[in-house]
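Assemble the complex: chain D is given as a structure, and chains L, G and U must be docked to it using the hints.
Residue numbers (UniProt numbering), protein chains in the order written: chain D, 1 to 399; chain L, 1 to 399; chain G, 1 to 399; chain U, 1 to 399.
No lab work stands behind these hints: they were computed from the structure. Not one of these hints is a red herring.
One copy or two, either will do: identical chains are not told apart, so a pair holds if it fits within one copy or between any two.
Cross-link-like lysine-lysine pairs, in silico, BS3-like; alpha carbons within 30 angstroms at most:
(1) Lys-49 to Lys-100
(2) Lys-140 to Lys-320
(3) Lys-162 to Lys-140
(4) Lys-378 to Lys-171
What you are looking at is a predicted structure, and each value in this text was computed from that prediction instead of being measured.
There are 4 protein chains.
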Amino acid sequence: MTDRVVLAYSGGLDTSVAIPFLADETGAEVIAVAVDVGQGGEDMEVIRKRALDCGAAESVVVDAREEFAADFCVPALQANALYMDRYPLVSALSRPLIVKHLVAAAERFNGTHVSHGCTGKGNDQVRFEAGLAALNPALKVIAPARDYAWTRDKAIAFAEEKGLPIDVSKKSPYSIDQNIWGRAVETGFLEDIWNAPIEDVYSYTSDPARPREADEVLISFRSGVPVALDGRPLTPFQIIDELNQRAGAHGVGRLDMVEDRLVGIKSREVYEAPGAIALITAHMELESVTVERDLARYKRSVDQRWGELVYDGLWFSPLKHALDTFIADTQKYVSGDIRMTLHTGRAVVTGRRSEASLYDFSLATYDTGDAFDQSLAKGFVQLWSLPSKIAAARDGRLG
Amino acid sequence: MTDRVVLAYSGGLDTSVAIPFLADETGAEVIAVAVDVGQGGEDMEVIRKRALDCGAAESVVVDAREEFAADFCVPALQANALYMDRYPLVSALSRPLIVKHLVAAAERFNGTHVSHGCTGKGNDQVRFEAGLAALNPALKVIAPARDYAWTRDKAIAFAEEKGLPIDVSKKSPYSIDQNIWGRAVETGFLEDIWNAPIEDVYSYTSDPARPREADEVLISFRSGVPVALDGRPLTPFQIIDELNQRAGAHGVGRLDMVEDRLVGIKSREVYEAPGAIALITAHMELESVTVERDLARYKRSVDQRWGELVYDGLWFSPLKHALDTFIADTQKYVSGDIRMTLHTGRAVVTGRRSEASLYDFSLATYDTGDAFDQSLAKGFVQLWSLPSKIAAARDGRLG
Amino acid sequence: MTDRVVLAYSGGLDTSVAIPFLADETGAEVIAVAVDVGQGGEDMEVIRKRALDCGAAESVVVDAREEFAADFCVPALQANALYMDRYPLVSALSRPLIVKHLVAAAERFNGTHVSHGCTGKGNDQVRFEAGLAALNPALKVIAPARDYAWTRDKAIAFAEEKGLPIDVSKKSPYSIDQNIWGRAVETGFLEDIWNAPIEDVYSYTSDPARPREADEVLISFRSGVPVALDGRPLTPFQIIDELNQRAGAHGVGRLDMVEDRLVGIKSREVYEAPGAIALITAHMELESVTVERDLARYKRSVDQRWGELVYDGLWFSPLKHALDTFIADTQKYVSGDIRMTLHTGRAVVTGRRSEASLYDFSLATYDTGDAFDQSLAKGFVQLWSLPSKIAAARDGRLG
Amino acid sequence: MTDRVVLAYSGGLDTSVAIPFLADETGAEVIAVAVDVGQGGEDMEVIRKRALDCGAAESVVVDAREEFAADFCVPALQANALYMDRYPLVSALSRPLIVKHLVAAAERFNGTHVSHGCTGKGNDQVRFEAGLAALNPALKVIAPARDYAWTRDKAIAFAEEKGLPIDVSKKSPYSIDQNIWGRAVETGFLEDIWNAPIEDVYSYTSDPARPREADEVLISFRSGVPVALDGRPLTPFQIIDELNQRAGAHGVGRLDMVEDRLVGIKSREVYEAPGAIALITAHMELESVTVERDLARYKRSVDQRWGELVYDGLWFSPLKHALDTFIADTQKYVSGDIRMTLHTGRAVVTGRRSEASLYDFSLATYDTGDAFDQSLAKGFVQLWSLPSKIAAARDGRLG
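Excised from the complex, chain D in its bound form:
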């Protein structure tokens, strides 16, 4: 039986070239699998056909948009996942989903190998291969860009030699990965970290300084899941999509950072994630109203670890799974509405209301109706500070 390679196919130059290359190199048939995670851009049917034109034995498109939003973006939202306090894990979230569908395709089409276009110095190779190791370790991995040291020039030459139906002339200066949760941009001139991004880099967001009327939005959550905008019930995918438009129009969610990659180097990355940033801002605010103090403090460290694990490619790890159960428990009462103004690059919360609020006006107010018994405070303060007091006395005694 002929070997079959299941290829994560994007429709771009590198993975298009990979089709004949893999066929030549391994003698295998190539099954192209393109997963729609809301990346927009080209028509998925055009992409599907291109793979066949490049020589794929089979070509499949999976519409995973709702699944991606519900099962990957929403957990990230519940974890307020911002790697290095900034990056909402755009690419890191889509890779495990793509792997899941590659494995499904391999099982459907009797695939023996899996192939991806990642290089050997990025994070995505880890996310692909760690996912495969967890979901189907029997599948062998071929990564042409890494294992055969493919470069763009080699790919173009190969495409021309093979007469592939790819327009290699319109070389974009940008290396881009995008999905419904955001967009990542790398490009040569940004590799000098003293250079600022130029407006041309951006696509999901308008210039935040452009004069424009502010937009007010009401975001509703049920148990940590966004369920409505301005009172209209919507799916998570629809909510992210609409907020990408509305927050993006005000330039919300531009990020420019020096990032610690798992492979041990620092790299310069520019991201846009208007919907993700607006949602995380709203979600954090609702948590501050509905989650108890000690739990909220602890959850910050869980959130951080969750983000690191997912960034590091360990979506399917036992620790990730256990952190998920912790986070799920914290979300039970994260229900209510957040009113937010989108304007000049900022998503600013202006109001919060919740049936599950732990904010108690009668305990908080300094006006009439104050129910807080201030006489309790003296004893609290003295025992709270007793260990420090005893230690300070000791330190003083010993000099």
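For chains L, G and U alone, coordinates are given in the frame of chain D:
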């Protein structure tokens, strides 16, 4: 010998009234101590005389502005201290400094008691009394607002009865605490957390939406300490002060949140901290360039704990001290320049450069000059994901 | 309607005296509730009648032994809960259970108040009252020993005055709390921390140095729950009880420590917990075989926090609940057998076997059958150490 | 100029064979470096000469015993370093020291390469190469056992072919690494984790069950450093050495575990560390007397991370350095005496005394002299439990 009470004096109604009240209640002489932490507003000499006019036996003003900036704000900056990821600890930072000067005054004037104006439901009582317990536990504490259940109405009546030189007519609707690191505002209508702040609440910041030319600033650090703006060497106090003006003019650093108080309740707080937010943003960026990955990841949890401890009044605790040594060690190489644009409520980093940078162009680039050996990646990826792979195989085996 | 006080009744002097005292002081009827958590000693029926003889309006005994073992000890076992790495939370575990039954009794008997015998310097007052605040905050608390400054001498005098059926002559020098999970002892001469405990202090354990045949036991777990000893299926209560006998006979589980109390002081405590220590030792070993590395590392910090929370009286807190869900997830595959030798004060694991083992002989062996691909290691090592290498080069460059 | 390889030389078969192998394979001269870390066994001078007899161009012995104890074991003691709560990092501590001396030798003898005998599935390769990457990344690494897939059989054949002065007949069934901090044993029959170790495995410890008089020892610390035994001032090396004898005679410090290796597998390991375990037990006890509660709680997580980092080969990492400063700060007051009984496999603390004690008899006692103000407790308890109370009320309200 007559007892002497050292009073933390602000010049306002409550602590002015406290002077004759404490004298009446305890038979003690009152020593008023006003500490200048850059709160601006009234002339400190006027405040000093007012205490005498209210009956204080002694009245002292301490100019602690440079000390506050260098020894309290800079450590908070190095810890990127943002309680609940937002609040830069404005009041929490000044209280231990004020305590220090109260204790010094008590020692100088043979004080036996210390008094503060805090209520029994806020955080500041804890910060005062925990500080006193550490620095001089022999001093007894009197907190009229808490221990004698003083209210504003009682204070006004008492002031009128005593003929104190206080204008009690111009009652501000706002309860305010401010210093060079920021400004805190509480007020009745904000106790409904669905209400948005109004422009009138703010003083350190202009409306971020007001059209205005962007301001570009270059902030220079040496080992985690800000040392210059636009190349001009300045003290930390001067830098914070100038950034308060420049970032404040663009509406940077407005914060509106529901906060977990140490005494166990949630409260609504509005803050302005233009200089602090601009500096913390710049400092975090420089850390991302100069601090190694694992250290940076760990430091986030140290930073969080540092902020909680200081918020919780434990500035003088042994744990705070040990975290300080950790943070100090991380700052050794946090030197370099951050270029930042201040505009429409945002402080956006546009460039970073440092002799101590760990960003290595030759390892990061995808262009000519790439020094990263991609052949190492395969082994790394496989061993990195091996534990998850073994666990997934087990889980699959057992179903 | 007359007020009714529900009293946590132990049968000892202090809570016996509390019955007429509470009746006198409050005019209320007293409902005595004694909860059997496996404390052994006196017959529970004798205790029940004594309360009536002391004047209780109602007296109830709750046999909560299996519930205590299953719902309180087993979670502690799954958390490997050892406060300060030593103390298995004996008293801290029973208090929330007792509170639960007090609240149930209050609801059954229309109680309006709850009373306990704890002093104001221990941890148990917090555990009682924090539990009550969570389960039924409407119940008012009376703590005679704390709120009325009761002492043993006062209690004896009161008992004699009232002619209570309590033998006050046989004053034990020891203050003891015990249940199936262990036994706590405090006594005057141990308040000098240079003094060693004497043999007379102990009751659950024999002298570990006494010559005796070693005892080998096989402990079986299913998903983190102990289910059998030596192949005999047993309930958790039965397993702990039998191990208390068998491990106790070899002096396993004696603990002598200086402990950090929640109220801010250090105290000297002596404990015996033979069954708990043997079970925790076995459970940790089985985890090391069945729990993946990163999860195991993270779980240590969760376990520590769980133990601190329970020690600190926060059994019913939201954070405790969320940590429980994390721990529950980790236990899914903690199934298998641990063979252990009990001898001379030690519980030593000598073998472990599990269907769910992650130990893979073919990967671990250095003999024939080695399946580990050593060629992967070089790449792994180099990328693993790359961040440190880059940092070291920087440090060297800057001196 | 000829290349020179600096070889970490143990005197055993593998590294003896490596000498001619490296010479053949690389054409380089071999410099053998044997580091004395208190491993005992053979005379170091005999080892030095054997390297020359095997063809080394130079052979050096470094007596690093005091350095190892003071700079590697003492920091581990201060971190109470027990990987997986059990293993005191025996081999993990010596590797960075050996690397340091290899690098020094390379600089002295103009070495261009460094070689070690580690395989590709253990931790030590990482510790060697991560250390080299930090201390001198210009040195190239050759690891014959890993990179040339050497096996014991190949080594014996090569030794015979070359006529090396090595007795290859007396094959030990045990693979052993030992130093003053402990001894590690691996062997075929222990690779079945159901098998118990046999007495023959042990060398540093006697059978703990063997009847023998108990030994009482007084261990004195100054700022976390052990400075005397039974009042006799000694160096750290002398203290560990003497405790190895005395605690070893009573069978203290035997460890048998399934361990999570950095390379991703679980392995079975048996260790003996009588001195280390006795010292860590004493040190933890003195910390519980002298370290403030919140600091002690936090330090546990720092200690755990320190142990993981060192286990994982990151001795020279920036994070390890910063954790060191934290730990150093905690040790300032860890001074005093611990009295300990060594008997039947246990090191049991029986008394502790310290000028720097935070144990305050007057606060802890329940007898005459009690200085604790119990009236403070009520307020403390109520505010301590307030967040849980508010959350429980919310949960009840929402069902």
